[in-house]
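If you follow the hints, you should be able to join the two separate chains into one complex; please do so.
Top to bottom, those sequences are chains A and B.
Per numbering that gives the first Met the number 0, the first sequence starts with residue 0, numbered consecutively.
Per numbering that gives the first Met the number 0, the second sequence starts with residue 0, numbered consecutively.
Beyond 12 angstroms from chain A on every Cβ pair, some chain B residues (computed):
| id | residue |
| --- | --- |
| 1 | E5 |
| 2 | D59 |
| 3 | L66 |
| 4 | R113 |
List of simulated lysine-lysine pairs, DSS-like, C-alpha gap at most 30 angstroms:
| id | chain 1 | residue 1 | chain 2 | residue 2 |
| --- | --- | --- | --- | --- |
| 5 | B | K72 | A | K45 |
| 6 | A | K45 | B | K56 |
| 7 | B | K22 | B | K1 |
Rather than coming from a laboratory, the hints here were simulated on the basis of the structure.
Cβ atoms here follow ideal geometry from the backbone N, Cα and C, with glycine treated the same way.
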Amino acid sequence: MLEPILGSTNSERVLIFILARKEGYAREIARFFETGLAPIQKQLEKLEFGGVLASREAGRTRLYTFNPRYPFLEELKALLEKALTFYPEEQREALIMNRRRPRRADKPL
Amino acid sequence: MKPIQEMTQIELAAYVQTRLRRKGIEMILSGGASVAFYSSNQYVSFDLDLVNAYFAKSQDIREIMQLLGFAEKGRYFVHPDTQFFVEFPPGPLAVGKEPVREINEHQLETGKLRVISPTDCVKDRLLGYFYWNDRQSLEQAILVARAHPIEIEELERWAIVEGKQEVFKAVQSRLIAQN
Numbered sequence: 000m001l002e003p004i005l006g007s008t009n010s011e012r013v014l015i016f017i018l019a020r021k022e023g024y025a026r027e028i029a030r031f032f033e034t035g036l037a038p039i040q041k042q043l044e045k046l047e048f049g050g051v052l053a054s055r056e057a058g059r060t061r062l063y064t065f066n067p068r069y070p071f072l073e074e075l076k077a078l079l080e081k082a083l084t085f086y087p088e089e090q091r092e093a094l095i096m097n098r099r100r101p102r103r104a105d106k107p108l
Numbered sequence: 000m001k002p003i004q005e006m007t008q009i010e011l012a013a014y015v016q017t018r019l020r021r022k023g024i025e026m027i028l029s030g031g032a033s034v035a036f037y038s039s040n041q042y043v044s045f046d047l048d049l050v051n052a053y054f055a056k057s058q059d060i061r062e063i064m065q066l067l068g069f070a071e072k073g074r075y076f077v078h079p080d081t082q083f084f085v086e087f088p089p090g091p092l093a094v095g096k097e098p099v100r101e102i103n104e105h106q107l108e109t110g111k112l113r114v115i116s117p118t119d120c121v122k123d124r125l126l127g128y129f130y131w132n133d134r135q136s137l138e139q140a141i142l143v144a145r146a147h148p149i150e151i152e153e154l155e156r157w158a159i160v161e162g163k164q165e166v167f168k169a170v171q172s173r174l175i176a177q178n
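Chain B with its partners taken away, still in its complex shape (with noise of 0.2 angstroms):
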């Protein structure tokens, strides 16, 4: 196995789930670290959301980090052998108003990865910029989109039921002008 020195950010994810997994916890990647993933680290990001989406006890997930030779810092979970940081939003899995329903399972060198899709990885980072308009989440959504096999059609009806049909509009061209 592969030192933890030597994981990048989404081995390093792998390698976490697969251990709470051994445990029966099940989480599920998302957030920054997910673009991460589907954009081939194109964009980096520290933090790995874990999502407890099953409603694992914090307990037993401490107790779990501790062995693998993290420490508890507020709501991280640092190591000293990597700069990247463990979270564990609680669930429930969402993007916006609607439960993520496909999750996808990758086998990598340091464990199977459980992660969001492309399309719920977009439609996380699209809600930054509906409603706080932050354009770094619009790009990383593009980046996302341009890399990877997304359904458009899903967006514009998932928009649709966030309340931003107009504004997904003003964007639509631009993640499906190289899809």
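One chain only, chain A, in its complex shape (with noise of 0.2 angstroms):
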């Protein structure tokens, strides 16, 4: 949707992924959109050297987040929140509605 903008079907996917959950790793980006890791591994860290989004160690991922201090980060969020409207319904749930809350390591259910 937005790849004319941006350059990259996968750029967006990253983008979209971020706003979405507040935070992301390359393999469940991957994995949410169906397409290989090393494209959006190359994504993740060009938009990384670009001051876009900021990176952090969780055990051994590298998590993902917008940078505050990018000085276009809220028109580009207001950019991917009116994107996100016009995505499959079935998709945008998908992004949105996915669990956040903790849960017990040893819960059966």
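In structure tokens, the structure reads:
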């Protein structure tokens, strides 16, 4: 949807995912969009180098978030929010309605 | 000309900037190295952030850096004669939501250094504290603020724009204690 502006479908996927989930790592983004891991990793690295995203290590995973220091962050988020409203309902729901609350490790169900 | 192995971090920055400038490429020193400059090396950072504020082509930068003896290693340029490494983050040159407007110039033995102002350097460090609660960033901001005249009123105005007025107020006295 924003590919003509962003220059890459995977760039849009990464940004939309992080907008919806607040954070994300390469493997879960690739899995969600059923695409290859390497191009998603490449986009994450590119967006981090450009100052759009920031990352930190959580265990063995590199977690990406929006970089609050990015000067166009508010405007970018507004654009992505609007783009998200044009996504198919099923995909939008899947992006937004994932479980974020804690879940005890030994819970049977 | 002083050999690269004898250059301080800031001298190296001025040298690289000057050599790039001869080919029409202008870069601005920001980040940790600007803290080193304004704190007279009380803070040491090994990376040189030369912000590509005027959208120079990567290929042009790469060619000149190779002529100077630097090798590209991922995002960085390294040189066998120095432990300092150079990075060219893409623009815009900004401190939070606002562009950097004032660039300071200093003539060094190795060339002309163009660097963000002390006030913008403090803003740049405060951002790390505002958004990531990074204490080291705050201490660096204090180091610069105490070593150079800074515009406290401008800092407060900017902190309001960033939506961080309360956080700023909590640390303001430490910035002006010896200013």
